[in-house]
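**Q** If you want the building blocks of each chain, they are given just below.
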Amino acid sequence: MELVRRIGLGLAAPALAFVIAAVLSTVLLVSTGADAGKFWDTMLTAPEDRNLVNIINGAAVLYLSGIAAAIGFRMGLFNIGVEGQYRIGSFAAAVVAGEAWLPGKANTLLAILAAMAAGALWAGIAGLLRVTRGVSEVIATIMLNAVAGLLVGYLVKKVGVSTGVSTNTKPIPEDGWVGGFQIFSGVTAEVRGLALLAPIAGIAFYILVNRTTFGFNLRATGQNQSAAVASGVDVKRMVVISMLLSGLVAGLIGMPTLFGDAHNYGSSFQIGLGFTGIAVALLGRNNPVGIAFAALIFAFLDDRSGLLNILAGISPEIIAVTQGLIVLAVVIAYEIVRRYRVNLEQAAVARQIVESTHEEARA
Amino acid sequence: MTLAPPIPLAAPPPAEEARRERLLRGLLWFVGAFVLVSLVRVVTGAIDVDSSGALRGSLVAAVPIALAGLGGLWSERAGVVNIGLEGMLVMGALGAGYFGYHYGVVVGVLGGILLGLLGGAVHALATVVFGVDHIVSGVAINIIAPGLAAFLAKALFSDIPGGGPTQSPPPGHPPTLTIGPVADWAAELEAKHWFVISDLSAMLGALVRELSSLTIVALLLIVATAWVLWRTSLGLRLRSVGESPSAAESLGVNVYRYKIIAVLVSGSLAGLGGAYLAMVSSQGYQNGMVNGIGYIGLAAMIFGNWRPAGMLVGAALFGYTRTLQLRGGTDSLHALLLVIAVLLVVVALRQLLTGQRRRAIVTTVFGAAFLAWFLTTDSVDAAFTGMAPFLATLFVLAFASQKLRMPAADGQIYRKGSAG
Numbered sequence: 001m002e003l004v005r006r007i008g009l010g011l012a013a014p015a016l017a018f019v020i021a022a023v024l025s026t027v028l029l030v031s032t033g034a035d036a037g038k039f040w041d042t043m044l045t046a047p048e049d050r051n052l053v054n055i056i057n058g059a060a061v062l063y064l065s066g067i068a069a070a071i072g073f074r075m076g077l078f079n080i081g082v083e084g085q086y087r088i089g090s091f092a093a094a095v096v097a098g099e100a101w102l103p104g105k106a107n108t109l110l111a112i113l114a115a116m117a118a119g120a121l122w123a124g125i126a127g128l129l130r131v132t133r134g135v136s137e138v139i140a141t142i143m144l145n146a147v148a149g150l151l152v153g154y155l156v157k158k159v160g161v162s163t164g165v166s167t168n169t170k171p172i173p174e175d176g177w178v179g180g181f182q183i184f185s186g187v188t189a190e191v192r193g194l195a196l197l198a199p200i201a202g203i204a205f206y207i208l209v210n211r212t213t214f215g216f217n218l219r220a221t222g223q224n225q226s227a228a229v230a231s232g233v234d235v236k237r238m239v240v241i242s243m244l245l246s247g248l249v250a251g252l253i254g255m256p257t258l259f260g261d262a263h264n265y266g267s268s269f270q271i272g273l274g275f276t277g278i279a280v281a282l283l284g285r286n287n288p289v290g291i292a293f294a295a296l297i298f299a300f301l302d303d304r305s306g307l308l309n310i311l312a313g314i315s316p317e318i319i320a321v322t323q324g325l326i327v328l329a330v331v332i333a334y335e336i337v338r339r340y341r342v343n344l345e346q347a348a349v350a351r352q353i354v355e356s357t358h359e360e361a362r363a
Numbered sequence: 364m365t366l367a368p369p370i371p372l373a374a375p376p377p378a379e380e381a382r383r384e385r386l387l388r389g390l391l392w393f394v395g396a397f398v399l400v401s402l403v404r405v406v407t408g409a410i411d412v413d414s415s416g417a418l419r420g421s422l423v424a425a426v427p428i429a430l431a432g433l434g435g436l437w438s439e440r441a442g443v444v445n446i447g448l449e450g451m452l453v454m455g456a457l458g459a460g461y462f463g464y465h466y467g468v469v470v471g472v473l474g475g476i477l478l479g480l481l482g483g484a485v486h487a488l489a490t491v492v493f494g495v496d497h498i499v500s501g502v503a504i505n506i507i508a509p510g511l512a513a514f515l516a517k518a519l520f521s522d523i524p525g526g527g528p529t530q531s532p533p534p535g536h537p538p539t540l541t542i543g544p545v546a547d548w549a550a551e552l553e554a555k556h557w558f559v560i561s562d563l564s565a566m567l568g569a570l571v572r573e574l575s576s577l578t579i580v581a582l583l584l585i586v587a588t589a590w591v592l593w594r595t596s597l598g599l600r601l602r603s604v605g606e607s608p609s610a611a612e613s614l615g616v617n618v619y620r621y622k623i624i625a626v627l628v629s630g631s632l633a634g635l636g637g638a639y640l641a642m643v644s645s646q647g648y649q650n651g652m653v654n655g656i657g658y659i660g661l662a663a664m665i666f667g668n669w670r671p672a673g674m675l676v677g678a679a680l681f682g683y684t685r686t687l688q689l690r691g692g693t694d695s696l697h698a699l700l701l702v703i704a705v706l707l708v709v710v711a712l713r714q715l716l717t718g719q720r721r722r723a724i725v726t727t728v729f730g731a732a733f734l735a736w737f738l739t740t741d742s743v744d745a746a747f748t749g750m751a752p753f754l755a756t757l758f759v760l761a762f763a764s765q766k767l768r769m770p771a772a773d774g775q776i777y778r779k780g781s782a783g
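Those protein sequence lines, which keep their order, are chains S and C.
Under the numbering used here, the final residue of the first sequence carries the number 363; numbering is consecutive throughout.
Under the numbering used here, the final residue of the second sequence carries the number 783; numbering is consecutive throughout.
Don't read these hints as lab results, they were simulated from the structure.
Keep in mind that this is a model prediction, so the values were computed, not measured.
Hints should not be assumed to be uniformly reliable.
Unchecked claim - Computed footprint of chain C on chain S, listed as stretches where at least three residues anywhere in the stretch have a Cβ under 8 Å from a Cβ of chain C:
(1) 41 to 55
(2) 270 to 280
(3) 326 to 337
Ideal placement from N, C-alpha and C gives every residue a C-beta, glycine not left out.
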């Protein structure tokens with residue numbers, strides 16, 4: 001009975017959030033005169049194989065972004081800077097890959113390491129500012145995001161090659177590409193090879209957080225910093241290391257696209273993934289499995305947004321609204337459920353106290 | 364029965380004295396920087412560094428930053444961090460575009476404020492009532508607002524002449540103020556390129572030609588904020604909620620109410636900033652037009668130590684660098700390097716005189732670096748001026764953090780009854 005109630009309460013919040021987001025999105029559609037029926041038709045049709053491949057590719061990228069944000073969240077650090085770290089990392093990898101210093105795939109590996117290092121360094125700035133100067137990591141990463149965008153834009157202009165339409169980094173030679181693989185026969189769309197980075201990062205995240213001393217300290221610091229300090233955790237060191245790890249994963253976000261599809265970095269590289277990652281981490285409650293579900297849901301919504309325009313004549317921007325609403329609703333719902341649970345526990349404790357005092361009186 | 368000794372009226376209370384001293388010091392810095400810029404203009408010949416055109420542009424660029432910063436100030440003074448300002452600016456710009464086109468300028472401005480207020484209401488509901496983390500709510504608002512604005516823009520503006528799926532038709536401009544004779548006289552003096560005098564007249568010229576009424580409103584709002592927050596009982600209570608909510612509650616202040624008021628005002632000000640963007644800075648709403656101004660406003664507020672006057676200085680500086688960047692004046696940007704180098708040397712001297720030797724060395728190194736940059740290059744890429752607001756804020760946070768004092772309970776979640 002207790003277990004049922006627990007699971008029920010755990011699922012109540014996300015369920016409530018999806019209902020709220022669905023209702024509000026429908027209201028918005030109806031009020032602007034769009035066809036809500038067609039909207040739901042499109043949203044509720046099962047994706048075809050081709051779309052499934054799309055969704056897996058999208059989810060892999062969002063999952064990396066979500067894991068990057070979650071590493072900070074687990075210890076109570078707000079790394080808003082995933083976006084900036086993602087751009088810096090992608091750029092660094094594109095440059096290294098384009099220069100082809102090493103032969104073939106060895107260079108690809110070098111480029112991926114460069115992306116991780118660059119992302120970690122960029123995040124490390126915020127970590128260092130936090131521990132040496134007491135600068136809030138939220139403010140620092142917001143500022144660093146803006147600087148990263150401008151810096152990368154400038155550097156692309158500086159080292160890039162112009163194609164006439166746009167300026168991009170040097171194209172990656174073909175032997176450095178990482179091909180995809182088919183998961184459905186008869187569908188030409190492929191899952192990108194480096195999408196496999198996502199499950200690797202997820203497993204590493206799980207082991208790190210749940211199976212190592214570092215992870216234990218990380219969670220302890222996140223839940224109660226003073227208690228962690230009292231038990232000998234070096235919080236400053238933890239802050240810097242978790243920012244570095246967060247940035248390291250953030251550097252990977254661009255890799256599947258860079259080596260599987262774009263083959264260079266330029267203005268057409270997708271932006272905003274870092275912010276969506278924060279939303280995905282929140283929806284998934286910073287848990288590796290939860291984030292996977294959240295990433296799949298967001299990727300599914302992204303995939304539908306393309307179809308909405310074609311099938312229902314509804315502008316795809318509605319999906320961004322729905323995604324944002326889901327996140328806002330889910331955090332509010334978690335809070336409501338948490339308060340409800342606390343009340344239940346308090347009531348239970350009160351009941352026990354009353355009963356035990358009655359027994360004492362009888363005895 | 365004894366009477367309390369009469370309070371001497373002649374000497375102002377210490378707080379007043381400190382305020383006056385701060386004002387005087389600010390003025391001195393301003394005059395010094397002004398003369399310096401003038402000198403640099405004469406030496407380098409970079410006329411656009413403080414032409415009336417550049418200054419007018421700076422004012423137009425600074426106002427939305429200042430309004431966003433002012434919104435941040437209200438909210439954070441009550442202890443609620445508001446990084447949703449960016450999204451609220453977007454909503455404000457959309458509201459001004461829609462209502463301005465259909466119902467005229469005044470309703471347009473009010474519509475912008477209303478949509479900003481709605482954004483503030485969402486933030487207040489999430490953070491104050493439900494106790495959601497302030498940053499989480501802000502991030503969600505910044506995801507929702509641009510999507511919502513883009514969706515609504517397509518629905519509302521696609522079929523209107525002059526509009527399009529990504530932009531509103533021109534909503535009209537608020538009336539502007541031009542004092543003809545003074546403006547002509549100022550332009551005449553400016554054209555002579557005299558040391559200091561031409562710079563002064565450029566500044567005058569920027570103020571008396573095509574000064575938007577909304578700019579005046581914004582400046583008045585900053586003054587009004589300083590008055591309300593620091594001189595009225597409402598302001599005292601509001602700030603007490605941001606400093607120590609439990610103490611405030613034990614004195615009978617309704618913490619939730621003041622926090623909600625603050626966040627609603629914050630949203631409205633950001634909405635007005637968005638309206639300004641759509642009606643004064645440009646010809647209507649456009650997707651992506653806000654482009655980080657909310658974050659720059661936040662930076663201006665931190666740069667200004669959570670105070671209106673400091674915030675205004677930050678907004679003016681950041682508006683100025685943004686304008687130089689937009690005007691593409693690589694000459695003026697280059698000349699600015701010299702200004703920064705000299706300013707840093709002055710700061711270093713001051714640090715040396717007050718016995719902060721190590722800091723003085725660091726500052727001198729930075730000053731030398733800027734001087735070297737000035738001497739070894741002919742132009743500065745616009746990207747670097749774009750970074751200036753963010754880097755300046757990071758530097759202030761990193762090197763002047765002892766002097767910064769944010770509200771003590773800023774960003775903390777408070778639950779009613781925590782006072783016990």
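**Q** Taking the hints in turn, state whether each one holds.
**A** To see whether the hints hold, each was checked on the structure:
Chain C is given as covering the segment 41 to 55 of chain S, and this is violated because 0 residues of the stretch bring a CB closer than 8 Å to a CB of that chain, at least three being needed. Check on the segment 270 to 280 of chain S: 4 of its residues sit with their Cβ under 8 Å from a Cβ of chain C, so the three-residue criterion for coverage holds. Three residues within the 8 Å Cβ limit are the bar, and the segment 326 to 337 of chain S against chain C gives 6, so the coverage statement holds.
Hint 1 from the earlier list is the only one contradicted by this structure; the remaining hints agree with it.
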